[in-house]
Each structure stands twice: as structure tokens, then as C-alpha cells.
Amino acid sequence: MIPGISIYEILTVTSILFFIGLYGFITRKNLISILISIELILNASVINFVVINKYLYPDMLQGVVFSLFIIAVAAAETALAVSIIIGLYRQISSVEVKEIETMKH
Amino acid sequence: MNFSSIILIPLIPLAVFLLLGIFNKKIKPLASGYIGVAGLLVSTLLSINTAYHYFFVYGKSDGVYQTFVEKTVWMNFTDTLAIDMGVQIDPISVMMLIVVSIVSLMVQIYSRGYMKGDDGYTKFFAFLALFSFSMYGLVLATNLFQIYIFWELVGVSSYLLIGYYYTKPSAVSAAKKAFIVTRFADLGFLIGILIMGYYTGTYDFETLNNPEGSAILNWASTSFMGLSVLTWALILIFIGGAGKSAMFPLHIWLPDAMEGPTPVSALIHAATMVVAGIFLVARLFPMFYFVEEGFALNIVAYVGAFSSLFAAIIAITQTDIKRVLAFSTMSQLGYMMLALGVSGYEGHEGLGYMASMFHLFTHAMFKALLFLCAGSVIHAVHSNYLKDMGGLRKYMPITNITFLIAALAIAGVPPFAGFFSKDEILVAAFEHNKLIYFIGIFVAGLTAFYMFRIYFGIFWGKDTKYEQKPHESPLSMTFPLLFLALLSIIGGFIPFSEFVTADKAGFEAHINYPLAAVAVGVGLIGIALAWVFYKKENDLADKMVNFFGPLYQWTYDKFYFDEIYLFITKKILFNRVSAPIAKFDRKYVDGTMVGIGNKTVLASEKIKGMQSGKVQDYAFAFVAGVVIIALVFIYLWTS
Amino acid sequence: MERIIFYVLAVIMIVFAIASVTSRKMLRSVIYLLFVLCGIAGIYFLIDYNFLAAIQLTVYAGGIIVLIIFSVLLVHHIEMELEIAKISKQILTSIACLLGLGLFLTTIYSYEFKVVENTLTTTTSDIGAALLSYGAGGFILPFEVISVLLLAAMIGAIIIAKGKKLTDKKDEIV
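Taken in sequence, the protein lines are chains S, X and F.
Taken in order, the first sequence gives residues 64 to 168; the numbers are from the numbering used here.
Taken in order, the second sequence gives residues 189 to 827; the numbers are from the numbering used here.
Taken in order, the third sequence gives residues 3 to 176; the numbers are from the numbering used here.
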């Protein structure tokens with residue numbers, strides 16, 4: 064509980080963060096930038112878990128544990144994404160989204 | 189009745205067809221011939237077994253042959269109207285089983301020799317098996333729809349076999365012609381079936397044919413243009429039968445069908461399939477007889493008589509021996525039709541019916557024999573034309589003798605089979621309709637004349653110089669000839685009137701000696717004339733040709749019927765009817781569809797960019813979509 | 003005091019987040035992300051989840067960011083300028099995002115949260131007990147699953163990144 068700060072303000076901040084991440088996900092043209100945007104989105108939702116846990120059900124731990132899991136999964140996802148990006152870079156010497164469009168064929 | 193063995197009769201050829209058809213390339217030709225013959229042999233034995241048990245053991249009760257039916261409902265329309273699949277055993281179906289079995293078996297044996305070395309040997313036997321299956325199904329059918337299904341199946345197998353030499357354009361066009369003409373006739377058949385089903389509420393032969401049944405008793409309840417609807421239905425059904433049996437004016441396909449291999453002509457276009465029309469009329473005979481006092485039956489009689497005369501006249505002038513036989517077949521089919529047409533129902537009155545079936549039986553034997561002999565001759569001299577033959581009796585003794593037996597049988601000379609059946613027909617005609625009787629007797633003379641014309645032309649006459657010396661055919665071909673010749677000799681002594689009659693109760697048939705004498709006399713005159721004209725080389729025939737002049741030419745060109753049909757179809761139907769329809773179709777119907785298609789393609793070209801394959805674009809669409817849907821549901825869908 | 007800190011953190015997070023998704027230099031964008039993550043850790047501190055804040059700092063700031071920086075360095079020249087999307091697309095996306103944001107906020111503000119006033123402090127041992135207990139409110143099973151997932155991800159990452167060489171070796175054996 065942050066004294067003087069209501070849950071609405073925190074949720075506002077996380078919503079803004081979330082949509083910034085979404086904006087980045089749609090507009091960026093580089094795989095690593097997209098990865099960064101995804102991290103933003105994930106973090107915004109993690110804060111939501113934690114804050115709601117704290118403000119509404121302070122005697123429980125579900126939100127905290129879930130955010131822990133999310134962080135773990137995000138770490139795994141990032142590691143895999145980075146390895147894919149590196150593998151891709153070896154193949155086509157580029158990590159631009161337009162270059163890997165050929166994968167759709 | 190033991191139906192499980194009867195149902196095997198059609199199923200075995202079906203199995204053979206599937207086996208040979210599926211493993212077409214894998215089976216050695218020799219083996220496929222044996223498989224075909226063996227399959228049919230089993231069917232034949234079963235048929236004979238069925239016939240024996242039916243006619244002699246338990247078919248009869250109180251002096252009347254019973255009808256045994258075993259069926260399952262296949263398609264239900266209303267509570268009463270359903271299409272069944274089943275097997276019906278009664279005198280004519282059993283008789284047809286025998287005819288189909290024996291002729292098919294003989295033709296298959298014969299084909300093993302005749303088709304030797306042909307590329308499509310296995311295919312040929314597969315088609316023959318398919319034909320046997322459909323024909324068995326046709327004769328065993330329990331209702332109009334079932335018979336229609338197999339009716340079309342025999343049409344298909346006939347089409348396949350006529351077009352067997354598919355590299356020959358004439359064979360292909362003959363196959364098409366046969367199919368289209370019979371298909372056209374079958375349209376009438378189908379409409380007839382539907383009318384019949386609509387007004388009587390059943391397709392079952394048993395119910396329809398019951399003389400005390402509602403279908404026959406209530407024939408007058410609905411009428412259309414002065415006739416009972418049932419009469420119209422019967423006429424339409426008869427059109428179907430006329431198409432299959434090559435009755436005038438739907439006969440034009442039969443001569444062309446001779447493009448098929450000769451065994452096929454013997455089996456399908458002489459003995460079995462073409463009698464399907466006769467069989468159909470016989471199947472519905474009580475209806476034909478009772479509805480509207482036999483109005484439809486009179487049509488049958490006159491069409492039969494006219495076809496018979498018409499075909500016999502054309503047969504005189506043809507030079508292709510297979511075509512002579514084809515027209516002869518048509519003439520004899522007309523004979524059977526007219527016999528049905530003049531028949532009564534009960535007891536001795538039903539002589540025509542019995543005579544028709546009898547003639548069907550004997551004709552199947554000797555006409556198949558004639559065709560097989562012709563095939564043997566063609567096999568030897570490699571030509572269909574009379575001018576390439578002559579003096580063959582020295583080279584082909586067996587064919588000569590068997591052909592002579594068959595020719596005597598068809599000419600109605602005692603004691604061969606044709607004499608008895610023809611005599612019964614003429615007696616029946618004499619008792620009912622004198623005009624038809626005279627046509628019949630005249631046709632009998634013509635038949636004897638043209639048959640011996642080709643007989644003398646082939647086996648006697650001038651000794652044509654052959655490039656290769658003709659030789660007698662192998663045993664596989666001569667055995668069926670001998671067997672069928674035997675049947676042609678003894679077939680007439682079967683007391684047919686005991687077994688196959690309109691009311692299914694046997695009666696005693698006696699030879700009417702004065703009438704028989706007239707018929708035999710006319711036949712002998714025909715033979716004698718042929719002897720004078722064609723036995724030795726002379727110019728009498730040419731003189732006659734000159735004497736008749738244009739008449740001869742007309743006849744030779746089959747009275748220009750093909751040309752008339754061509755004129756009607758090409759000039760009138762195609763130009764006046766089909767062309768505008770086609771134009772309308774192309775311009776408006778197709779145009780609309782093509783337009784829609786083009787517009788769709790154009791639209792897809794336009795929106796193709798949206799489907800970019802970029803995940804981000806999709807993500808954008810997803811987000812925008814979610815937002816829009818959420819807005820809609822939260823603010824617009826508040827109720 | 004806490005209010006001021008929160009507002010400062012919020013402003014920092016939002017500004018750096020925007021900078022992170024619009025910067026045309028790759029490395030800078032990653033560093034801006036680092037600031038955002040640190041700000042989030044600050045929020046955790048503020049709401050008294052010290053353990054979570056520590057995790058955030060170590061795993062995210064220490065692990066993931068370093069990983070991303072490595073990949074950036076491996077595949078980019080530092081001075082390389084990134085392409086940016088078309089203006090029309092940016093505007094469209096912004097509109098969609100703003101609309102979505104408006105939707106979120108109106109929804110959030112129209113809902114009456116039943117906030118429980120409290121000053122409870124969650125200790126690390128509480129979290130550890132919750133993770134490892136198998137009674138009600140225990141998370142032992144997901145915990146184990148996550149450990150397996152991490153192992154799989156590790157193996158997968160190695161295989162994908164080194165895939166070429168492994169198959170080469172295989173080919174030699176064959």
C-alpha cells in the first residue's frame with residue numbers, strides 16, 4: 064500500500080505502459096525492438112497482478128507468486144527469442160522483420 | 189425358395205467385374221479369360237438349378253406358378269411408396285436367367301478365342317461381366333425403379349462395349365449414338381415410372397400386376413387428354429422399352445452398334461439386352477392388357493409389326509453381314525412385340541404372350557449363333573462385307589453347318605426352334621388381328637430370303653480369291669457354335685406353354701397345321717428365291733436392283749432415317765433451339781457467373797495487400813478489432 | 003513523500019517507455035527499457051514487496067537486459083539507425099492504442115475496487131513457504147513445472163543457437 068496513492072492511479076500507469084508496449088510491438092521493424100516491446104507489455108501486467116494482490120487481498124500471495132512465474136517465463140522466452148534471433152542472423156544476416164517475411168511462404 | 193443362392197447369380201459377375209476392373213493390368217490375359225468364364229459358369233449352374241427347382245419342384249401351387257419375392261426397403265418416400273431392392277422369381281425372370289446365362293457363357297467362351305491377342309482383353313472380360321451383372325439385376329428386379337437402375341446399367345455396359353475399339357472414330361460415334369438414343373427413350377421410361385408411382389402409389393410389379401389390385405381396377409379414375417393417365421404412363425414406359433429394343437423409330441442405333449466386337453453384338457445386341465424392352469412389356473403385361481382395354485397394348489402391336497416389316501425390307505439390301513443380322517434382330521424383336529400386342533390374358537387367350545417369350549428364348553439361341561458364326565467368318569476373312577466372301581463352305585465346315593442350322597431356325601423351317609415359336613406367334617396374330625397376321629407372314633418370307641441371301645453369299649457363290657487361305661476357327665470358338673446349334677435344334681421342343689404364360693397357369697399349345705403350313709411355305713419360297721438369286725453367280729440380282737431402281741437405293745440407305753434424324757437434330761434442333769439457348773447460357777447465365785468471379789478476383793487483388801504475412805499488421809488488426817468490438821459491446825449494446 | 007516518489011517513478015517509466023519504443027538507436031532503446039524496469043522495481047519497493055523488487059532487479063535488469071544487449075551487440079553495429087514505420091501507420095496505431103487506453107481507463111475508473119486498508123509486510127519466507135507448500139494455497143506443482151520449463155528453454159536455446167554445428171557433426175558421423 065502506498066500511502067496517498069489509490070489503486071486507480073497505479074492501474075492508469077500500468078495501462079499506459081501496456082499500450083506503449085503495444086504501440087512498439089506494432090510499429091517497430093526490428094526483432095529485438097519487438098522483444099523489448101513485449102517485455103514492456105509483460106511488465107505492465109505483472110505490476111497489475113502485484114498491485115491488485117496488495118490492494119484488494121493483502122493477506123494472500125497469489126499475485127506475487129504469479130508475477131514470479133511470469134518473470135521466470137519471460138526470462139525463458141527471452142532466452143529462446145535471443146537464440147532464435149542469433150540463429151536467424153547467421154542464416155540471413157539480418158534481423159529486420161521485412162527480411163523474414165519469406166517465412167510465410 | 190433359396191434366395192441366398194439366387195442372389196449370388198448377379199453378384200458373382202459383379203465380383204468378377206470388380207476383380208478384373210481393379211487389377212486390370214496385373215492379371216494376365218489368359219487368367220482373366222478363365223476368371224470370366226469360371227465366374228459365369230457358376231452363375232449359369234446356379235441359374236439352371238434355380239430354374240429346375242422353380243419349374244419342377246416347388247414353383248407350382250394349384251397349377252399356377254407362384255411369384256416369390258424377397259426384398260428390403262431401400263428408400264422410403266411415403267408410407268406406401270418406397271423403392272425396394274430385391275429379387276423376384278417368376279416364370280419369365282427364371283426363363284430370362286437361363287437365356288442370359290447360357291448366351292453369356294457361350295459368348296465368353298467364344299471371346300477367349302475371338303479376342304485373343306487384343307490389347308484390352310482383360311478390360312473386355314470385365315465389361316462382359318459388368319453386363320452380365322446388370323442384365324441379371326434387370327431380370328430379377330422387383331419394382332420399376334430397380335429395373336430402371338439396371339436398365340441404365342446395361343445401357344452403360346452396352347455403351348462401353350460398342351465403343352470398345354475406342355481408337356476407331358466410327359465406334360466412338362456409334363457408342364455415343366446408342367447411348368443418346370436409348371437415353372432419350374429412357375427419359376420417357378422415367379417419366380412413365382414417375383407417373384405410375386404418383387397415380388398408383390407403388391412401384392412393385394406384384395402390386396401393379398395384380399388383376400384384382402387397385403392399380404388395374406382404378407385405371408379410369410384419372411384421365412388426361414382423353415386417355416387414362418396409366419395408359420400414358422404405359423406408353424411412356426413402352427417408349428423406353430422401344431428404345432432398348434430398337435423399335436421403329438428409335439431403331440437407328442442398333443445397326444451402328446455393330447461397330448463393337450462381334451461377340452458383344454451376339455450377346456448384347458442380339459440375344460439379351462435388346463430383349464429388355466420385350467421383357468419390360470411382358471413384366472407389366474397385366475397392366476398393358478387391362479388398363480383401358482389394352483389401348484397401350486395395341487400400340488405395342490402396331491409398332492412391333494411395323495418395325496418388323498420395316499427392318500426386314502432394309503435387311504434385304506444391306507451388304508455388311510453384321511448389319512443384315514442387326515436388321516434381322518430388329519425385325520425379330522418386332523415379331524416379339526407384335527406377339528405381345530395381340531395376346532390375351534387367360535389360358536389359351538394368352539398364346540401371344542407365351543409365343544413372344546418362346547420366341548425370345550429361341551431367338552436368343554439362334555441369333556447369338558448367327559452372330560457368332562458371322563464373327564467366325566469375319567475372323568477368317570477380315571472383312572464385314574459380303575463382296576469379300578464366297579465359297580467359304582470348303583474352308584469352314586463347322587461354321588457352315590451351324591450357320592445353316594441357325595438360318596433354317598430363323599426362317600421357320602421345322603423342326604428347328606424358330607419354327608415352333610414363330611408358328612405360335614402367327615397363330616396368335618391370326619386369331620386376333622388379320623392385318624398383323626399378314627404382315628407377320630410376309631416378314632417371315634422376307635426373313636427366309638435375306639437370311640439365305642447372306643448364307644449363300646458367304647458359303648456358296650463365286651469363289652473369292654483370298655489373300656490368306658481362310659481356316660476354321662479354334663475350338664474355343666467352334667464349341668459355342670456347336671452348343672448353340674444344338675439348342676437351336678432342340679429348343680423348339682420345350683413345352684413352353686406349360687411354363688411361361690401370362691396368367692402363370694400352363695395350357696396345352698397345339699400346332700395349328702394349316703397356318704404352320706402357310707408359314708413354312710412362305711419361308712421355303714423365300715429360301716428358294718434366295719437360291720435362285722444367289723446360289724450361283726448370276727446377274728438376276730443386279731437386274732432386280734435395276735428394276736426397283738430408286739426403291740432399292742432408298743432401302744439400301746435405310747430409308748434415309750439417319751439422315752432425317754441428322755437433319756432434325758442438326759438443322760432444326762441445334763440451329764433453332766440449341767443455339768439460342770446456348771447463346772443465352774453463355775451470355776447471361778455464364779456471363780453473370782463469370783462476372784461475379786471476375787469481380788471477386790478483382791476485389792481480392794485490391795485487398796491482397798492486407799494479407800501481408802507480417803505479424804505486426806495482424807497484431808494491429810487484432811488490437812483495432814478488439815477495441816472496436818469492446819466499444820460496440822460496452823456502449824452500443826448496453827441493453 | 004511516497005506520493006512524490008510514485009509520481010516521479012511514474013513519469014520516469016512512461017517517458018522512458020516511450021523513448022524505448024521510439025528511439026532509432028538499438029542500444030539506447032535497450033537502456034531506456036532498463037530504466038523502465040528499474041522504475042517498476044521501485045514501485046515494488048513502494049508497495050512493500052521487497053523480495054519481488056529484488057527479483058525484478060536481478061532477473062530483469064541483471065539478466066534479461068544483459069541478454070538483449072548481448073544480442074544487440076552480436077547482430078548490430080552500435081551506430082546503426084533503425085528503420086521506422088510509415089507515418090500513416092504510426093498515426094493509425096497511436097489512434098488505436100489511445101482508443102484502447104481510453105477504454106481501459108474508463109472501465110477501470112467505473113469499477114468500484116474494494117480496497118482493504120493494510121500495512122502488512124510480506125516477508126520472503128512467506129513467499130518461499132507458499133511456493134514450496136503443497137497444501138491449500140501452495141504452489142509446488144507450478145513451481146516444479148516452471149523449473150522444467152526453464153530447463154527446456156535452456157536446452158532449446160542452446161540447440162537453436164548452435165543448431166548448425168550440431169547438425170554438421172551429425173553429418174560427419176554419417
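Hints are not guaranteed to be accurate.
[Said to hold, decoys possible] Below, a list of computed lysine-lysine pairs in the DSS-like style, where the Cα atoms sit at most 25 Å apart:
#1 F:K116 - S:K92
#2 X:K796 - F:K27
#3 X:K364 - X:K759
#4 X:K575 - X:K692
#5 X:K802 - F:K88
[As the list claims (entries may be wrong)] Pair ranges (Cβ atoms, derived):
#6 F:G65 - X:G813: 31 to 41 Å
#7 X:G813 - F:I6: 33 to 43 Å
#8 X:G797 - F:I6: 31 to 41 Å
#9 F:G158 - X:G779: 36 to 46 Å
#10 X:V820 - F:L122: 19 to 29 Å
#11 S:Q154 - F:G130: 35 to 45 Å
Hints listed in this document are in silico derivations from the structure and should not be mistaken for laboratory results.
Remember, predicted model here, so these are calculated numbers, not experimental data.
For each residue, glycine too, the CB sits at the ideal point set by N, CA and C.
Against the structure, the hints come out as follows:
1. F:K116 - S:K92: violated (42 Å)
2. X:K796 - F:K27: Not satisfied, since the Cα-Cα distance of roughly 33 Å exceeds 25 Å.
3. X:K364 - X:K759: Holds, at about 19 Å.
4. X:K575 - X:K692: violated (49 Å)
5. X:K802 - F:K88: holds (15 Å)
6. F:G65 - X:G813: 31 to 41 Å: 35 Å Cβ-Cβ, so the 31 to 41 Å window holds.
7. X:G813 - F:I6: 33 to 43 Å: Given a distance of about 40 Å, which is inside 33 to 43 Å, the answer is holds.
8. X:G797 - F:I6: 31 to 41 Å: violated (50 Å)
9. F:G158 - X:G779: 36 to 46 Å: At roughly 58 Å between Cβ atoms, G779 of chain X and G158 of chain F fall outside 36 to 46 Å, so the hint is violated.
10. X:V820 - F:L122: 19 to 29 Å: violated (42 Å)
11. S:Q154 - F:G130: 35 to 45 Å: holds (43 Å)
Violated hints, listed in ascending order, are 1, 2, 4, 8, 9 and 10; each of the other numbered hints is respected by the structure.
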